[in-house]
Each structure stands twice: as C-alpha cells, then as structure tokens.
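> One line per chain: the protein sequences are A and B, in this order.
Under my numbering, the residues of the first sequence are numbered 2 to 639, in order.
Under my numbering, the residues of the second sequence are numbered 21 to 107, in order.
Simulated from the structure, these hints should not be mistaken for laboratory data.
Just so you know, even glycine gets a beta-carbon here, dropped at the ideal spot from N, CA and C.
Don't take every hint at face value.
Which bits of chain A does chain B cover? Going by a derived footprint, with three or more residues having C-beta under 8 Å, they are [what the hints assert, rightly or not]: (1) 108–121; (2) 436–447.
Restraint-style ranges between C-beta atoms, simulated for each label pair [as the list claims (entries may be wrong)]: (3) Glu179(A) to Asp70(B): 31 to 41 Å; (4) Asp70(B) to Ala414(A): 16 to 26 Å; (5) Ala29(B) to Ala39(A): 46 to 56 Å.
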Amino acid sequence: MTAAPAAALADGPLRIALVGSPNTGKTTLFNALTGSAARVGNYPGVTVERREGALVRAKRDVRILDLPGTYCLDGETPDEKVVAEVLAGHITGEAVPDALLVVADATTLQRGLGLVREVLKRGMPTLLVLTMVDEVKARGGKLDVMRLSRILGIHVVGVVGHRGVGLDQLRTFLEHPESWSRRAALPPADDAAQRFAWVDQVCREVGAGALAPDSRTDRIDQVLLHPVLGVAVFALVMLLLFQSIFSWAVPAMDAIDGGFAALGRLSHAWLPEGWVTDLWADGILAGVGAVLVFLPQIVILFTFLHFLTDVGYMARAAFVVDRVMGWVGLQGRSFVPLLSCYACAVPGIMAARTIASPRERLATILVSPFMTCSARLPVYTLLIAAFVPAVRVVGPIGMQGLAMFALYLLGAATALGSAALLNSTLLRGTISVFYMELPPYRMPTFKLLARQVWRSASAFVKRAGTIILTTSVVLWVLLNFPKAPHDPTLSPEAQAQANLRSSIAARVGHAIEPAIAPLGFDWKIGVGLVASLAAREVIVSTLAQIYAVGDSDDYGGLRDAIVGDVDPTSGKRLFTLPTALALLVFFVFALQCTSTIVVMARETGSWKWPALAFSYMLTLAWCGSFVTYHLGRALLGS
Amino acid sequence: MPIPLIGLAPGAPAVLCDPEAGREIPRRLQDLGFVPGTPLVIRRRAPLGDPVEIEIRGYRLCLRLAQLDTLRVEPDAADPQRARSAT
Chain A
2 MTAAPAAALA DGPLRIALVG SPNTGKTTLF NALTGSAARV GNYPGVTVER REGALVRAKR
62 DVRILDLPGT YCLDGETPDE KVVAEVLAGH ITGEAVPDAL LVVADATTLQ RGLGLVREVL
122 KRGMPTLLVL TMVDEVKARG GKLDVMRLSR ILGIHVVGVV GHRGVGLDQL RTFLEHPESW
182 SRRAALPPAD DAAQRFAWVD QVCREVGAGA LAPDSRTDRI DQVLLHPVLG VAVFALVMLL
242 LFQSIFSWAV PAMDAIDGGF AALGRLSHAW LPEGWVTDLW ADGILAGVGA VLVFLPQIVI
302 LFTFLHFLTD VGYMARAAFV VDRVMGWVGL QGRSFVPLLS CYACAVPGIM AARTIASPRE
362 RLATILVSPF MTCSARLPVY TLLIAAFVPA VRVVGPIGMQ GLAMFALYLL GAATALGSAA
422 LLNSTLLRGT ISVFYMELPP YRMPTFKLLA RQVWRSASAF VKRAGTIILT TSVVLWVLLN
482 FPKAPHDPTL SPEAQAQANL RSSIAARVGH AIEPAIAPLG FDWKIGVGLV ASLAAREVIV
542 STLAQIYAVG DSDDYGGLRD AIVGDVDPTS GKRLFTLPTA LALLVFFVFA LQCTSTIVVM
602 ARETGSWKWP ALAFSYMLTL AWCGSFVTYH LGRALLGS
Chain B
21 MPIPLIGLAP GAPAVLCDPE AGREIPRRLQ DLGFVPGTPL VIRRRAPLGD PVEIEIRGYR
81 LCLRLAQLDT LRVEPDAADP QRARSAT
C-alpha cells in the first residue's frame, strides 16, 4: 500500500504510473510524453493490455506505465482490477510504482476529483494533471489551479495534450518525483456521498462550477441521436464500413495474394526439389499468405473502429442499438465487438473487454464466431460462383449477391438467437449495471489514430500468424505423407493425386465419411472440412490440392473442377446444388478456427467455454446442413 | 415531492434525492457521482425509448431505465442558478 521509500528513487529507472478515467485524454498524454516507443504486453494471467514507455527528452530514465482507464479503485472489470492490483503491488513481476500521475479532465472535475481522492488515499507521491484546460476557458468557466494544488496538497499541472501546452513543465516534474508530496490527511469520507460532498466543496472553492454547454457536441447529437435521422446515419455508417471492407480492400488483398503465389512459384523454380522446398513453398508460405491476405481488411476495419471510437461516435451507436441488443440479453457495448467480428472473430473477442459486466461479456464472446468473418468469404465466393446462377433479380442486384447477403443474415440472426438462448439457460441471472459515457466529440490526431491501428494490426498478425503458421505446417504434413509409391507412367498431376489419396488426411476423410455422408459430403469434402478446422479458408486450398488444380488462386479452374466432378462408376455428378448449399450452411454455423478457440479460452480464462461453443456450433452445423441437403434434394429433385 | 427519475421529463433539471427507506443507490452509480444532492438532467431517450442519456457532474452517461428505479429526484424550479448548471 505504501510507496517505495525515497531512497529507492535514486537508482534504476523511475517508474511512474498514469491513473485516470476513460475519456480524460490519458492516452493522448501518454503518447505525448513517451513518443512512439511504447512497449505493449499483457499483465500475467489476465488479458489486460500493459503499456509502458520511456519519457522522451528526459535527463533521467523515467518509465511511464499507462494503467487502464477506471472510474474507481475498487471496480469489477478486469481492467479496473488491474489498476487496484498494480497500486497495491499484488501483481507478480510488477513492482509498486515510485509515484502516481493522476489524470483528470478539467471540464468534468466534479466527477474526476472522486477518483483523485481515492488515489490520494494511497499515500503515494502523487501529481495531478488536468487535461482540456483550454476547453474550460472556451466554455466560459474558470479554474484556480494554484488553489486546487493547495487544497489537495500536491502539484497540479494543466495541459493541452494534443497541442503540447504545459508538457515542458510536466516533464520537469516527472524527472523529480522526489519533490512530489503524498497527501496523507484528508477529511474523512466513509462512503461515496461524503466523498462527493468533499468534491463539491473543493469545486466551489476553486471556482470549477458548471460550464456553458458544449454546443458543438449538442449540435452533432441533435442529428446523430435523433430518433429517425440517428438510425439513418447509423445504417449509413455501417454500410460504409461494409463497403470499405469488401470493395476497397480488394486491390491490396489481390496484391498480397499474388505476391505470395509468385514467391511460392519462385521458390519452386530456384530451390532444389525436395520436401523441404515443398514445406517452405506449399506449407509455410501458403499458410502465412493465407493470414496476411486479410490484413488490408483488418487495417481498414481497425481504422474505422478506432476513428469512430476516438471521435465519440461508437458510444452513440451503442446508445442507439442498446435496446435491440437488450432483447437478446446483450448490451450496447456488445455491438462494437460483434461488428469487428465481420473482419475476424479474434479482434472482436478481444474488443469484448470493454464490456463491464462479466455476463454480457461472456455471452458476446460465445456468439462472436457466428458473425460472418472474412475467412468465410473465400469459401462463400467459390461455392456461390460455382452453383448459384449469375442472373439479375432486381436492377443491379443479382442472385449471387442475394445468396451472399442471405448467408450474412443467417450468421447474424443465429448469433442473436444464440445469445437469447444462452441468456435464458446457462447465463440466466440478474441484469448487471450498464453504463456508458457519451464523451464530447473530439477529433483524434492522425498520429494517435495511426499508432492505434498499427498496434492492433501487428497484434493480429502476431496472434493469428503464429497459430496459422503452426497449423498449416501440420496440415501440410498430413496432406503429403505418406506418399504413394512413385509411378513413372503417371502424369505429375495424377501422381500428386495418388499421393494425396494415400495421405493421412485422406484416410481421415474416409474415416469420417459415414458421419458426413447424410449431409451429401464425400471424403474429399471431408478432408477439406478436417483441414478447415485450423482456419476456414484452408478448405479452398485443400480442395484445390485434392482436385489437383494446383494454383488455389485460380478460382475459375477450381470452380469448373468441382462442378465437373463425377462418380467414376455411376457417372453422376458428385457436387450438386444441395451439397453446395449444405456445405455453405455448415460454414455459417461451424466453429472452424483454431485462433478463435485459443483466444476464446484466453479471454474467458477457461477451456470450458470454447469447448461448449465448439460442440454447440458443430451440432448446429450438422443439423443445419442435414436439413438443407434433404430439403434441397426434395425441392430441386437432384 | 420527490418523483422517480424515470418520470422526469427530458430537459427538466432536477436534484437527486435520498432513495426510499430500505433501498439503496447501486454502488456502481454512486462511484459515478450519483449521490443525493447532485443536480442532473435527462437529456434524451434513445430512439427506441431505452436507454436514457443523463447529464450529471459535467459529463453524460447512458443508462438503462431498469437500473434507475432506485433513483428519485426533486424537479428543480426554485433555484435558477442550479437549474442552469444542470443543463
């Protein structure tokens, strides 16, 4: 509880922790103080992000630890708990900070001083930073900073983080935390009522009264939260988000895809023949390429999400849709994570950390994999292009587009339905307190936005990359060993197909055929399904290998091979429309993604929940495919 | 006379009162500054009626109606200074 003794300040780096509520400009201040070189990691055992950076342009080695935003020191969310535990020194490997830098928004001091008081009670060397001091003046208010400093008994520095005002003074203070005082004696306050009575009195003394309303925020909210206009804008923003993910990302995705394919061909051409080259080109390069191809979508999605969050719109969107989410036991804050899942469930599940109540957070995480992630896209594209006729229905809207839309709708509807089911069964219980701040609209700086996008994107690459790299190597081995005896009379394609038929993967495909035959799937699809357990999009390249098309980028060739595949004895087509529809439905429901399972286990702290989600989704997938296949055969007569 | 917060018209300034005997304002809301004597105003309801946006202590929060049943307010007409500070 007590601070490190002053003597300890002399040697080693100084460690100063940044404490503050969300929306106080804490992150902007952290970035301004530490520059771009922040070290990002996790606190042991929990998935709360730990960020530390060195104070730039400093004469001493000062390390700043950016603690998660919190409204109080005895909160319930993982983020809030970490703050209290760091201050108390209860986290392994995390020494108690030498001093505390409390951040409060000068425009909302009537609230912010509540947390300041809690922090002062710790009796550690403390300094108060007031952000947005320019806004106080602009909105006709005043604030006696000297007086506040005297009342609190600590240094108080006013800053305007994004413009750098006050930062030099603050930097000097940060180099000499020995001079910071620790306020020990405060008027007693047993509960929140007494604490805020003290806050109100301090605010009166320093002249921090009510400010003129933030007219810009009021004007924007009149449109964005308008009963009709607000919903329209919301729909428009979502449409724009979709459009950007699905159209604008395509050129970059094609470039990455083509680049990796070319790299694979070059490797085959230049490296000596053998299994090492095969593993490198067809296993590792193809696997890494399969992840990186989604990077443009992820970057666009994160740019959107970070911008909308920082500017203050995300809270409004959550406000608008909260009622709808409430019907199925979720809440407004569930919306952003579920939206992120349209790119990838991994960042979506991580984004669920912002949901304060454990129950809604768990429900959101469990239904996330139903949202149509971008990895399903290649599968949908291939099968729809192969089996759904390219005819126009109304105007520019074609049958294929409608089929794609229907699959997205089915996923979202199942997510909401499953949330309702969870809510009335496993997660039945009291409704937890839902609160969300609607911050004033503020334009984020480009630098801050770029840094956040960079961090999220590189975290995605690392997280998903390591897992997909591993599984693609394993898969490559399963698909390639043992090889069929070499037969010089066979063409290279026929030899490759013979090798595949003798592989472990083919044996697995045959072994599970009885289980999937009722769905209209043969052993080849079985191999694809087994392979797709690692990551959904893998089925495309697996089918390409099975049908010996060679290049998996060649959708046209693979499409024709699948459509033209016939049973050698009966001469009947193997892959029919009911089979294709059943396979599509299978992909809508099944949890075929190692990364999602691992992240789910980590975020919920237990393998129980991913196991439950996997079995539930697999059951749903089997039943859904079964119904689709037989209904399709009855209706289409094939 | 205190009325339930839920019954307060949007835009009308009010002051938070003590809850009814035997009831308590949830801890979480108290930490956010919802303590008796605090001026507040309901700014608007969401397009579908719930949740509501409340301005209190210079910031704006979105809360569900179901969580507000312990909160009672005194509509504030007498003190113009206070009324202005809440809007």
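> Could you run down the list of hints and mark each one as holding or not?
Here is how each hint holds up against the structure:
With 6 residues having a beta carbon nearer than 8 Å to a beta carbon of chain B, the segment 108–121 of chain A meets the requirement of three or more and the stated coverage holds. Coverage of a stretch by a chain is defined here by at least three residues with a beta carbon nearer than 8 Å to that chain's beta carbons; for the segment 436–447 of chain A and chain B the count is 5, and the condition holds. About 52 Å separates the C-beta atoms of Glu179(A) and Asp70(B), a value inconsistent with the hinted range of 31 to 41 Å. Taking the beta carbon of each, Asp70(B) and Ala414(A) are about 22 Å apart, inside 16 to 26 Å as hinted.
For the pair Ala29(B) and Ala39(A), the supplied restraint of 46 to 56 Å holds, since their beta-carbon distance comes to about 47 Å.
The structure shown violates just one earlier hint, number 3.
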